[in-house]
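Asker: Sequence:
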Amino acid sequence: MPNVTIVFADGERTEIKARPGEMILQAARRNGLALSSDCEVGDCQTCRCTLLAGAIEHDAFATTSLTTAEMEGGEVLTCVSAADGDVTLSMPYERTRLLPAKPFTLRIESLEQLGASVIRLKGQTLGLKPLVFLSGQYINLKVPGTEALRSYSMANPPSGERSLELLIRLLDDGAMSTYLRERAAPGDQIACEGPRGTFYLRDGTRPLLMVAGGTGLAPMLAMLRQIASAPTSRAMTLCFGVNTPEDLFCLDDLAELASRLPGLEIRVAVARGDAGPKWQAGYATDLLQPGDVPGRDIYLCGPPPMTDAARAFLTAHGADPAAIFLERFVASGATAAWSKA
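First residue of the sequence shown: 240, per my numbering; consecutive thereafter.
Source of the hints: derived by calculation from the structure; they are not laboratory data.
Treat the hints with care, as some may be off.
Said to hold, decoys possible - Here are the computed lysine-lysine pairs in the DSS-like style, where the Cα-Cα straight-line distance is at most 25 Å: (1) K381 <-> K341; (2) K368 <-> K381; (3) K368 <-> K341; (4) K361 <-> K381; (5) K341 <-> K361.
Claimed, not checked - Just the calculated beta-carbon pair ranges, DEER-fashion: (6) P501 <-> G324: 22 to 30 Å; (7) F300 <-> E504: 45 to 53 Å; (8) P543 <-> L272: 41 to 49 Å.
Source: prediction; values computed, not measured.
Beta carbons: idealized from backbone N, C-alpha and C, even for Gly.
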């Protein structure tokens with residue numbers, strides 16, 4: 240039976256035995272070890288980690304959202320990968336920071352249109368206790384009247400209160416978008432589950448670089464709001480991109496954060512249309528500069544083309560891959576019931 244050594248981000252190591260052909264995630268559970276996961280079909284990348292030693296084999300009947308280059312570079316999805324002999328894997332999170340995902344109900348308190356393509360949903364969790372989560376994590380929502388699940392990051396940091404704020408991109412034919420446009424109203428109750436994900440604000444005082452595409456801004460807002468809750472001189476740069484000027488949103492929120500965080504620099508890009516004198520024409524990744532890279536913790540959130548391009552630029556300019564944390568959006572319809580868009 241293969242030995243699987245798991246190395247967590249804080250240096251903690253543990254070893255489990257895997258059966259031949261057994262998915263690593265399944266082997267961990269059988270051995271009583273909790274690892275981060277969500278969709279478990281190779282789409283969401285919540286179980287993503289890095290192969291340090293040995294070799295893995297993929298489930299012949301599964302798909303993977305990793306690119307060929309990522310797999311060749313040692314990236315692994317534990318839900319669709321088995322150990323081909325003894326292996327060592329590096330997890331991008333501390334085991335002690337994993338929070339159990341639980342079902343809960345969210346009652347809509349308000350719905351606000353932001354720009355042309357985003358709705359801000361504010362709600363209250365129901366039940367005996369508020370949701371416990373980390374700034375940057377996401378939850379799964381069941382679209383009312385359907386079996387479809389959609390995943391959205393909280394835009395607010397944890398506070399011990401029941402309030403949650405979600406930024407939801409409106410799609411032409413999206414299941415959640417249709418519900419929000421046609422039926423949603425304050426008082427509605429939505430079945431949810433979470434928290435999920437390993438995209439969360441790490442402890443430390445190193446300068447931060449954040450790159451957000453569209454509603455990838457939500458977890459960045461949660462992180463910045465958490466940082467702003469205490470005095471800090473920490474240097475931070477946020478690169479935020481949208482498709483058109485009409486798609487811009489949360490600019491007042493960003494201005495308010497900038498007033499509270501003297502070390503925060505905000506750059507905004509507009510891909511199409513007139514960017515005007517305030518914003519740069521192009522994508523969020525066009526806002527990156529080589530001088531942004533050294534000595535920073537880096538957070539990337541948005542669609543795969545954006546996160547891939549940003550990571551390629553950053554690693555080419557000397558970024559430590561272990562200091563890059565990313566959350567990718569999976570387009571609606573990529574799976575029958577699960578999506579991060």
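Asker: Sort out whether K381 lies within 25 Å of K361, counting only the CA atoms.
Answerer: Judged against 25 Å, a Cα distance of about 16 Å means the pair holds.
Asker: For a C-alpha distance cap of 25 Å, please report whether K341 and K361 respect it.
Answerer: holds, 20 Å
Asker: CB of P543 to CB of L272, is that within 41 to 49 Å?
Answerer: Given a distance of about 29 Å, which is not inside 41 to 49 Å, the answer is violated.
Asker: Given the hinted pair K381 and K341, is their Cα-Cα distance within 25 Å?
Answerer: holds, 14 Å
Asker: Can you let me know if the beta-carbon spacing of P501 and G324 is within 22 to 30 Å?
Answerer: Cβ of P501 to Cβ of G324: about 53 Å, so the range 22 to 30 Å is violated.
Asker: Just to be careful, I want the Cα atoms of K368 and K381 compared with a cutoff of 25 Å; is the pair within it?
Answerer: holds, 20 Å
Asker: Quick one: are F300 and E504 within 45 to 53 Å, going by C-beta?
Answerer: holds, 47 Å
Asker: Can the restraint linking K368 and K341 be considered satisfied, given a maximum Cα separation of 25 Å?
Answerer: holds, 11 Å
The structure is inconsistent with the numbered hints 6, 8, although it conforms to all the rest.
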